[in-house]
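Protein chains: 2
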Amino acid sequence: MALLDYFLRSKEKQVTTASKAKERLQIIVAHERNQRNKQPDYLPQLTEDLLAVLRKYIPVTENSLSVNVDKKDGDLNVLELNIELQEENSGK
Amino acid sequence: MALLDYFLRSKEKQVTTASKAKERLQIIVAHERNQRNKQPDYLPQLTEDLLAVLRKYIPVTENSLSVNVDKKDGDLNVLELNIELQEENSGK
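These protein sequence lines are chains F and Y, in that order. Residue 1 is where the first sequence starts when you use full-length UniProt numbering, and the numbers rise one by one after that. Residue 1 is where the second sequence starts when you use full-length UniProt numbering, and the numbers rise one by one after that.
Hints are computed from structural coordinates only; laboratory data are not their basis. As the structure is a computational prediction, the values presented were derived from the model and not from experiment. Careful, some of the hints might be misleading.
What the hints assert, rightly or not - Each pair of labels, with its calculated beta carbon distance range:
1) F/R55 / Y/P44: 39 to 47 Å
2) F/D73 / Y/K71: 33 to 41 Å
3) F/K71 / Y/G74: 32 to 40 Å
4) F/Q86 / Y/Y42: 14 to 22 Å
5) F/N63 / Y/T61: 23 to 31 Å
6) Y/V67 / F/L65: 21 to 29 Å
Using N, Cα and C, we set each Cβ at its ideal position, and we do this for glycine too.
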């Protein structure tokens, strides 16, 4: 669970310093394949499917979404999705 | 991207020490809500939907799946899904 602890600590710092988002959803997907496993990389298609699911819960627009993909040594692919909803300006 | 870098470094250590899994998928979902945002917590339902998507790509069984949920200070919920496929013993 070390990763999860790190994640929570980094989140706590972010909440106090970052702009007050109305809502923020962060998803990390790490796909580790044994090098003899010759199946195709399904992360790109999985990314589309995950976004389709997320849209049921939170509006996902070009402005609110950031996608990062990191490929490491051929057998570890990491996808990071960040969706951030800003506060509506209540001064209307 | 600090979190992503940490994630990659912890993965590298894991691959060399952990048992050689045929394939491993790790998903972390962090849901941060502004405390004035009184919408219900949708993480439990989102978890089911995410698992339904993952089943299209990787067999998810009781033995291969571990689920951890961490709730922090009321506005940060973190879900961790680990799916690990063991090597078939080729000694048959």
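For each hint, the structure was consulted:
1. A beta carbon spacing of about 18 Å between F/R55 and Y/P44 contradicts the range 39 to 47 Å that was offered as a hint.
2. Here the CB-CB span from F/D73 to Y/K71 is close to 35 Å, well matched to the stated 33 to 41 Å.
3. Between F/K71 and Y/G74 the Cβ separation comes to about 37 Å, which falls inside the hinted range of 32 to 40 Å.
4. For F/Q86 paired with Y/Y42, a C-beta distance near 19 Å keeps the hint of 14 to 22 Å intact.
5. The supplied range of 23 to 31 Å is broken by F/N63 and Y/T61, whose beta-carbon atoms lie about 39 Å from each other.
6. Restraint check, Y/V67 to F/L65: a C-beta distance of roughly 25 Å satisfies the suggested window 21 to 29 Å.
Hints 1 and 5 from the earlier list are contradicted by this structure; the remaining hints agree with it.
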